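S.K.: Those protein sequence lines, which keep their order, are chains G and A. Position one of the first sequence corresponds to residue 267 (the working numbering), numbered consecutively onward. Position one of the second sequence corresponds to residue 14 (the working numbering), numbered consecutively onward.
Think of the hints as simulated: they come from the structure by calculation, not from any bench. Treat each hint with caution, since some may be false.
Said to hold, decoys possible - Dumping the calculated SDA-like pairs for lysine to any residue here, alpha-carbon to alpha-carbon at most 25 Å: (1) LYS416/G / LYS374/A; (2) LYS348/G / ARG412/A; (3) LYS136/A / LYS416/G; (4) LYS348/G / THR162/A; (5) LYS416/G / THR162/A; (6) LYS40/A / ASP54/A; (7) LYS387/A / ASP474/A; (8) LYS244/A / ARG53/A; (9) LYS348/G / SER167/A; (10) LYS416/G / GLN377/A; (11) LYS416/G / GLN398/G.
Claimed, not checked - Take a look, some chain A residues computed to stay more than 12 Å from chain G by CB distance: (12) PRO205; (13) SER250; (14) LYS601.
Every value quoted in this text rests on a predicted model; they were computed, and no experiment measured them. Just so you know, even glycine gets a beta-carbon here, dropped at the ideal spot from N, CA and C.
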Amino acid sequence: MKIFLFALIMLMTHHTYAFKGSRCYDKVIVGPARGLYKSLGGKDHRDGWMIKFFGTTFGSLSSTTSYVSSTGSCAAFAQIQKEKMVYIALNTRKVQIEAAYGDGESLETLAYFYGYQNCLQGFRRTLKENYQTIFPHSQDPDLLDQSIQKVLDESTFCQLPS
Amino acid sequence: MLPMIYSFMILFSMKFAFSSQESSHFKMVAWKNALMFYSRDKESSIVEHGSSFFLSPQGHRDFEAELTENLHRFQNDQALADESLFCRFPFRKYILQKYFGLNTNKVNCPKLEEWRSRLRSEKVSLVFPTQFSSNPASVMGHTFFKFSTQSRPSHLHQSLSYSASVNEPIKFFTYVYKGLFGGYQGHFLEAPFYEKLLEYDDIEQRDIWIYELKMKPQEIDLLVDFLWELKTNARFSYFFLRENCSFIPLAAIETILPTKNLTDGFGFYLAPYMSLKRLNDSHLVNTSTYRQSSKKKYIESIDQLTRRESLAFYKTIKDQKYRNVSAAYDTALINFIAFKERHNPPLSVAWNNLLGEVLLKTSQAPIYTRPPRKPPKNPVNAHGPRHLEVRLGNLGAQRVYSLLRFRPGIHGNMDSSAGFIPHSAFSFLETDLRFVGPKSLELSRFQLFNFRNLEIYHLSDPGLSWKGNAEMRKADVLCIDCTVQEINFQVGAASDLYNGIVSQLTVGLEQSFVSKGIRRHPTFGVVEIEFMRENQNGRTSISQNFSHVLLEESFMRVETLFEMRFFQILRRLDLSYSLRYQKVSYHKEFVDQNLGLIYDF
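Let's have the full structure, built from the sequences with the hints guiding it.
M.R.: Written out as structure tokens, the structure is:
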């Protein structure tokens with residue numbers, strides 16, 4: 267019985283962590299921004315224009331970026347996290363512009379990645395209202411992700427599903 | 014009574030025999046479609062011979078041998094998981110099971126399931142990024158599949174496109190040769206939709222049309238399975254003219270919906286917009302959605318500025334200093350800088366700071382809604398690519414003639430711009446046969462090619478327009494009975510003057526040969542000014558051309574061409590009027606005017 271209870275608690279805890287992702291952040295791997303697309307599973311034949319776009323748009327930023335390993339129990343979360351980081355890296359400017367307007371398809375996509383697709387209006391409004399906090403100066407995808415996550419964690423516009 | 018019963022029995026048995034024949038024919042059509050028997054005569058597959066797509070060595074040409082081999086191999090298939098025929102050919106399995114009585118085994122197919130889960134969708138669309146004149150392969154546009162599901166936002170929908178795999182540095186002649194004669198391999202490329210938007214909208218600045226297809230969920234599942242077979246087993250040669258990015262998706266849809274005849278009757282080429290017209294004519298298009306390119310968005314936002322806003326905008330572009338003017342000014346500035354960044358990255362520090370400033374200001378303002386815009390004409394309403402015209406006219410005062418014109422493709426100067434870049438043209442092999450009097454028939458004009466790309470000049474984005482053609486014609490100001498061969502190329506700038514009237518000024522070079530005797534007149538400078546306007550009812554164009562001709566002596570040739578076209582005056586018939594007036598400096602004149610009826614099909 268004790269074992270069963272322990273297993274149940276572990277299972278619940280795991281699910282909560284997996285959803286919120288904080289446990290899965292432990293598996294972060296650091297790599298250079300320029301190689302992000304390819305290292306996250308980008309296809310070689312796309313490199314021509316993608317690296318050009320990537321290299322030229324983000325090339326001046328010598329920052330590092332991160333992604334989550336897709337192994338182990340966090341696989342589902344990691345997959346979304348991986349997809350999210352590629353998306354942010356390739357659409358940083360678009361996200362910035364749409365966040366300033368508080369409207370646009372990129373915000374809809376981000377709302378999906380951060381688990382707020384059911385509170386889309388609130389998500390858009392929050393990003394617009396916190397524009398200055400989220401977009402200080404840098405275009406670093408990592409920093410952008412962390413800033414958005416921080417703003418969302420601190421806001422109460424949408425009750426997260428338990 | 015008895016004869017009646019006999020006749021009824023005969024009729025019944027005939028009906029049964031016919032329906033049985035029909036059903037057997039239908040089965041074979043479904044089977045041949047599954048093998049991609051879409052060559053022009055439908056006697057062979059467009060999948061390459063020797064590809065693992067065929068189980069029989071003769072499968073590429075002999076669908077019956079392939080059927081026998083498939084039934085045998087499927088029934089005796091011992092392979093496990095992904096290697097199993099049931100996993101490699103899920104659509105073929107469905108056809109064999111449904112029409113040819115194959116007993117199927119339950120096999121676990123991890124790779125296939127992964128594919129299905131990625132492309133699982135409630136809706137499927139065909140996406141059409143419009144023409145892109147900077148790349149010869151995209152000059153007519155492109156099409157690809159988009160698989161949509163409500164559970165994910167549009168940017169994350171999966172796309173699948175078929176294109177040529179070019180893995181070598183592009184050399185123009187090799188590229189054209191291999192493109193025309195199948196020197197490149199065709200391949201399927203899967204990507205999230207936002208990657209396609211980055212490529213076609215952000216980088217190439219092309220408008221995008223999305224056509225949601227009328228397909229049931231089960232049909233979409235079968236399409237996904239069939240595309241898996243093609244992607245993983247089939248090897249294609251890519252042909253730019255016919256078996257291209259539009260033909261393969263069309264063939265795949267026809268395979269799933271064999272009662273729809275989607276691939277027949279295209280002749281030797283298929284431009285992407287033609288496949289959309291075919292889908293629309295076959296009642297397979299549910300809805301169409303237009304996505305304006307980022308370039309058009311920013312040009313439109315500049316066009317909407319008032320004079321005061323516009324002045325401030327251009328001052329800001331000059332000195333990169335933000336001015337507090339209006340929300341429309343902010344939007345134009347944001348669109349301009351974003352476009353500039355995509356076009357020529359990275360932004361300088363000054364531009365980056367300016368963008369930061371204007372975005373911060375925008376984030377503090379209430380949400381600004383752009384005024385609604387009218388989408389351009391839908392490409393499914395584009396004219397047919399082939400052009401047939403009958404004209405009646407006179408050369409000078411006396412010579413009355415009738416003329417028959419045919420053009421196999423694609424888009425001429427005076428055609429409606431629905432589905433094309435406005436005021437553009439791309440046509441070839443236009444041929445005029447002229448009857449002067451009852452017995453005289455002559456080839457009066459043959460145009461090898463004609464192209465035109467008109468780009469409205471903006472101070473913020475100066476782009477050039479260009480045009481050119483090569484043709485042979487009879488009757489010119491230089492001589493009525495000689496033949497003139499001419500090739501010319503011109504570059505210039507175009508401007509949107511007022512209320513849809515567009516003007517274009519071009520300068521260029523022209524080389525002509527007059528083949529009566531041994532005359533030859535290299536025409537150096539050509540200057541041409543043209544005004545054109547198009548609305549729903551028709552199109553008008555007037556052009557004035559000045560060229561400097563060197564014959565025995567040097568002289569100036571002036572040509573005025575006035576053309577009008579009235580769209581669809583009678584069902585699918587257009588009416589045209591043309592007046593050409595030529596004059597050379599020693600007062601010789603030439604007038605050619607005619608009235609014509611046009612049928613594009």
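S.K.: State for each hint whether it applies.
M.R.: Hints, one by one, checked against the model:
1. LYS416/G / LYS374/A: Holds. LYS416/G to LYS374/A sits at ~23 Å (cutoff 25 Å).
2. LYS348/G / ARG412/A: violated, 75 Å
3. LYS136/A / LYS416/G: Given pair LYS136/A, LYS416/G is violated - Cα atoms ~36 Å apart, limit 25 Å.
4. LYS348/G / THR162/A: Between LYS348/G and THR162/A the Cα gap is close to 20 Å, so the pair holds against 25 Å.
5. LYS416/G / THR162/A: violated, 29 Å
6. LYS40/A / ASP54/A: Satisfied, since the Cα-Cα distance of roughly 19 Å is no more than 25 Å.
7. LYS387/A / ASP474/A: With Cα atoms ~23 Å apart, LYS387/A and ASP474/A stay inside 25 Å; holds.
8. LYS244/A / ARG53/A: Holds. LYS244/A to ARG53/A sits at ~22 Å (cutoff 25 Å).
9. LYS348/G / SER167/A: holds, 18 Å
10. LYS416/G / GLN377/A: holds, 20 Å
11. LYS416/G / GLN398/G: With a Cα-Cα distance of about 13 Å, the restraint between LYS416/G and GLN398/G holds, given a limit of 25 Å.
12. PRO205: Contrary to the label, PRO205/A does not stay out of reach of chain G, its closest Cβ about 8 Å off (not over 12 Å).
13. SER250: Since the minimum Cβ distance to chain G is about 18 Å, SER250/A lies beyond 12 Å and the statement holds.
14. LYS601: holds, 55 Å
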